[in-house]
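Quick note, the sequences are listed as chains A and B, same order.
Following numbering that gives the first Met the number 0, the numbering of the first sequence begins with 0 at its first residue and continues without gaps.
Following numbering that gives the first Met the number 0, the numbering of the second sequence begins with 0 at its first residue and continues without gaps.
Worth double-checking, as some hints may not be accurate.
Simulated DEER-style distance windows between Cβ atoms [claimed, not checked]: (1) B:295 x A:34: 49 to 57 Å; (2) A:403 x B:6: 16 to 24 Å; (3) B:172 x A:400: 39 to 47 Å; (4) A:134 x B:22: 47 to 55 Å; (5) A:232 x B:12: 25 to 33 Å; (6) A:51 x B:6: 43 to 51 Å; (7) B:234 x A:323: 37 to 45 Å; (8) B:22 x A:323: 48 to 56 Å; (9) A:403 x B:72: 54 to 62 Å; (10) B:12 x A:55: 50 to 58 Å.
Looking from chain A toward chain B, a few residues come up when the C-beta cut is under 10 Å (computed) [claimed, not checked]: (11) 99; (12) 257; (13) 348.
Over 12 Å on every C-beta distance to chain B, these chain A residues come out as not near it, computed from the model [as the list claims (entries may be wrong)]: (14) 59; (15) 67; (16) 79; (17) 95; (18) 209; (19) 232; (20) 254; (21) 309; (22) 338; (23) 339; (24) 392; (25) 415.
Derived from the structure by calculation, the hints contain no laboratory data.
Ideal Cβ positions, reconstructed from N, Cα and C, are used throughout, including at glycine.
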Amino acid sequence: MGSLTASLNIALGSMLAEQGAIETTSNNIANANTPGYARQRANFAETDPVTFGNITLGTGVELQGVTSLRDSVLDLRVNQETQQQGQLDAFISSGQQIQALFNETTGTGLQAPLTAFFNSLSQLSANPSDLNTRQGVITAAQNLASAFNQTSNNLSSLQRNVDLSVTQSVNQINSLTSQIAAVNAQVQSATALGQNPGPFVDQRQQLINQLSNLVDVSQIDAGNGSLTLTTNSGAPLVVGGQSFQLTTQADPVTGLQDVFSQGNNITSQIASGELAGQLQIRDQEIPSIQSSLDSLAYNLGTAVNTQNQAGYDLNGAAGGNLFNLPAGVAGSAASISVAITDPTKIAASGGPAPGSPGDNANANALLALQNQTIVNGQTPLNAYSNLVFKIGSDVSSAQSNQQAGSLVLQQIQNLQGGVSGVDINEEAANLIQFQNAYQASAQVSTIIDTLLQDTLNMVQ
Amino acid sequence: MTMSIRLNPNLLPDLLASIQQSQQNEATATEQMASGLSVNQLSDNPAAAAALVTNHAQSAQDDQFLQNASTLTARFQTADSALSNVTQVLTSAISAGTEGANGTLSAADQQAIAQEVQGLQSQLVNLANTSYQGTYLFAGTAVNTQPFTLNTATGAVTYNGNAGVSSTELSEGNSINTNIPGNQLFQNASGDAFAALQNLYSSLMAGNQANIGTAVTQVQNALNEVSTQRVFYGNAMNQVDLSESFLNQDKVNLSSQENSLVGADLAQTATNLSQAELANQATLSATAKILSLPTLLDLLT
Chain A
0 MGSLTASLNI ALGSMLAEQG AIETTSNNIA NANTPGYARQ RANFAETDPV
50 TFGNITLGTG VELQGVTSLR DSVLDLRVNQ ETQQQGQLDA FISSGQQIQA
100 LFNETTGTGL QAPLTAFFNS LSQLSANPSD LNTRQGVITA AQNLASAFNQ
150 TSNNLSSLQR NVDLSVTQSV NQINSLTSQI AAVNAQVQSA TALGQNPGPF
200 VDQRQQLINQ LSNLVDVSQI DAGNGSLTLT TNSGAPLVVG GQSFQLTTQA
250 DPVTGLQDVF SQGNNITSQI ASGELAGQLQ IRDQEIPSIQ SSLDSLAYNL
300 GTAVNTQNQA GYDLNGAAGG NLFNLPAGVA GSAASISVAI TDPTKIAASG
350 GPAPGSPGDN ANANALLALQ NQTIVNGQTP LNAYSNLVFK IGSDVSSAQS
400 NQQAGSLVLQ QIQNLQGGVS GVDINEEAAN LIQFQNAYQA SAQVSTIIDT
450 LLQDTLNMVQ
Chain B
0 MTMSIRLNPN LLPDLLASIQ QSQQNEATAT EQMASGLSVN QLSDNPAAAA
50 ALVTNHAQSA QDDQFLQNAS TLTARFQTAD SALSNVTQVL TSAISAGTEG
100 ANGTLSAADQ QAIAQEVQGL QSQLVNLANT SYQGTYLFAG TAVNTQPFTL
150 NTATGAVTYN GNAGVSSTEL SEGNSINTNI PGNQLFQNAS GDAFAALQNL
200 YSSLMAGNQA NIGTAVTQVQ NALNEVSTQR VFYGNAMNQV DLSESFLNQD
250 KVNLSSQENS LVGADLAQTA TNLSQAELAN QATLSATAKI LSLPTLLDLL
300 T
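If we strip away everything but chain A, and leave its shape as in the complex, we get (with noise of 0.2 Å):
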């Protein structure tokens, strides 16, 4: 049979399960602005009914628990977004410092000198005797050498300090991961013990967010509630309590950082993170750049020293090498230089007698180097605009997938607001509900009270 003192505990039980709520509750309003914080619900439950003969008595209610709200497979796009959107930012920071490099609205680049220089050929074929109009060659060709020398050395040194981005981006990668590994550790106790591991799962959703930001990120559910961590190509990162540490070690032919995991050089394999931005530009962007500028200057090179040494000089003699050229195409941009430095040596003239200086006709064929397609196919200019195109477009493209996908990261993270995230009007909503339930409760209780006090009085 019923007692008051049961009716009692049951009121009692009520206000300490209102009370429960109402602690969340002011838990959720003062995360609202946490970032990574999940709202979280106060679980009520009946309690165990007693059964007295043929008469079930429902005990009154208890708090069995606090959830945090969560989609797990938003989280997951979420995160597989920023790691496209880590690859493209990281891509589009040194591409803008690249194809500032080429810039002709600034009159950076190649094509002032390169078209200076085939402009004192011209002068030259107008007035191939004069002195100071070769010595305008020489210079004009110098400038050119130096042009290519320093967007080659620039693009190297833009090269390093990729490089060095790669060691920190490594080094923050491993600070994330021992960071998650400690997270997942605290998961996997408190999933154990049956306690909300809410709050530590809130913190390991936002560092591996932050890891993805840097590397691309492939999780397992291990069970538990512990997470396994690897690269897209398998290489692990955290195991349940331990994480494992990326290591980079200089290449033995680049002299740049490789990326290992356990031994094995993944550097190839990093496929999305800033990482893979950087490794992009450092292995793929800016070689591809120094090859077509090496190409360039190498098949210029070597076309006008071929044409210098058809012709002959203003001493009669047949032409030299105009340009200093490594012996094949690689380094070429780097190290071309000018060969000669007295101005009579450039072959001017078409034919050996000595007493013709007027002679242009080998001056009129270097300037015709111009518009013949020595550089791969291509007149030296058009090769020049074209990577020029490529550069530009790079950049562009990559500009583009980068709006793109922010757009698509911004809604599912709103997706992910919309499960997670702490709305003031409905915890105030919550809270009036479960203030009221207390306040009654309270009432309840002091109802009884009376009545156990009339009782007392009854029997006296």
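Using the hints, position chain B against chain A.
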């Protein structure tokens, strides 16, 4: 009752993204307005940036052609006026020869005329050795060698130049020859000016009427030859003029092409800028309003 999807209660990221977007639009319009360019980075329009490379190269090339044109014009003018003087010298020689052929003249008078012819011969040598800025104009490509030397003992004139002809581009793909070798001008098979004057001189000295007549005819032939060849320089100057106007027009075209490639439409940019400013202000005030909306908590007392 339909269940609606719970919206993200945190509006801040969306609001900040809108502010960032409208500020970005404003910054872009400001940059275009300040630089006057719609392409400030290669990535703004890679195709236009690449086309600009060719455009600038062509424009610089035109400048060089124009510079060459003025060098060539000066040289052609010098050559042309030297040849004009040559025709005067030869015309004087013809008058002198015609005068000397008059049978009533004494031997002394004829010899005096012969001296005059000798003077004309040396003038002719000087003119044939005309140079422009240190290079001989009628030496073929042997521009540093004085093309003609007069043997004062024999009166014979020797050509020391060569038969080389130079050509120079006036504009892309458009070359012209820039000289006529001196021997072709003055010692041509159809009329050899130096030999004709030398014959005239010696015929006058010898007082041989018939030979004087023949020599005058030879001088006349030489005059015809020089006059014919001189047309080359006139034509060359015309061609240079034509190519100069072509190049100037090309530069105008290139500059208008550059403008359409990378220039900002200033009227449009100004409109964009004021629209962007307006949009940015609207976004900001909307944000301020949304963020200060009361919540249910504010209504509890």
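Verification of the supplied hints:
The hint said 49 to 57 Å for the Cβ distance between residue 295 of chain B and residue 34 of chain A, and at roughly 24 Å that hint is violated. Restraint check, residue 403 of chain A to residue 6 of chain B: a C-beta distance of roughly 23 Å satisfies the suggested window 16 to 24 Å. The hinted window of 39 to 47 Å between residue 172 of chain B and residue 400 of chain A holds, with their beta carbons roughly 43 Å apart. Roughly 53 Å separates the CB atoms of residue 134 of chain A and residue 22 of chain B, a value that falls within the hinted 47 to 55 Å.
Judged by the Cβ atoms, the range 25 to 33 Å given for residue 232 of chain A and residue 12 of chain B holds: they are separated by roughly 32 Å. Under the hint 43 to 51 Å, the C-beta atoms of residue 51 of chain A and residue 6 of chain B, about 49 Å apart, fit the expected range. A beta carbon spacing of about 44 Å between residue 234 of chain B and residue 323 of chain A agrees with the range 37 to 45 Å that was offered as a hint. Separated by about 51 Å at the C-beta atoms, residue 22 of chain B and residue 323 of chain A satisfy the suggested range of 48 to 56 Å.
Between residue 403 of chain A and residue 72 of chain B the beta carbons are some 58 Å apart, a value that agrees with the proposed interval 54 to 62 Å. At roughly 51 Å, the beta-carbon separation of residue 12 of chain B and residue 55 of chain A lies within the given 50 to 58 Å, and the hint holds. Because the beta carbon of residue 99 of chain A sits about 8 Å from the nearest beta carbon in chain B, less than 10 Å, this interface hint is met. The restraint placing residue 257 of chain A at the interface with chain B is violated, with a minimum CB-CB distance near 30 Å, outside the 10 Å limit.
For residue 348 of chain A, the interface hint holds, the least distance from its beta-carbon to any beta-carbon of chain B being 8 Å, beneath 10 Å. For residue 59 of chain A, the requirement that its beta carbon stay farther than 12 Å from each beta carbon of chain B is met, with the minimum near 28 Å. The claim that residue 67 of chain A is not at the interface with chain B holds, since no C-beta of that chain comes within 12 Å of its own (minimum 15 Å). Under the 12 Å C-beta cut-off, the non-interface status given to residue 79 of chain A relative to chain B holds; the minimum distance is some 18 Å.
Residue placement check: residue 95 of chain A does not keep its beta carbon more than 12 Å from all beta carbons of chain B (closest about 7 Å). Look at residue 209 of chain A: its CB is around 17 Å from the nearest CB on chain B, clear of 12 Å, so calling it non-interface holds up. Here residue 232 of chain A stays apart from chain B, with its beta-carbon at least about 30 Å from theirs, past the 12 Å limit. With a minimum CB-CB distance of about 29 Å to chain B, residue 254 of chain A clears the 12 Å threshold, and the non-interface call stands.
For residue 309 of chain A, the condition that its CB be more than 12 Å from all CB atoms of chain B holds, with the nearest at approximately 17 Å. No Cβ of chain B comes within 12 Å of the Cβ of residue 338 of chain A; the nearest lies about 24 Å off, and the non-interface call holds. Residue 339 of chain A, annotated as away from the interface, keeps every beta carbon of chain B farther than 12 Å; the closest lies near 21 Å. The claim that residue 392 of chain A is not at the interface with chain B is violated, since a C-beta of that chain comes within 12 Å of its own (minimum 4 Å).
Its closest Cβ contact with chain B, about 8 Å, brings residue 415 of chain A to no more than 12 Å, contrary to its assignment away from the interface.
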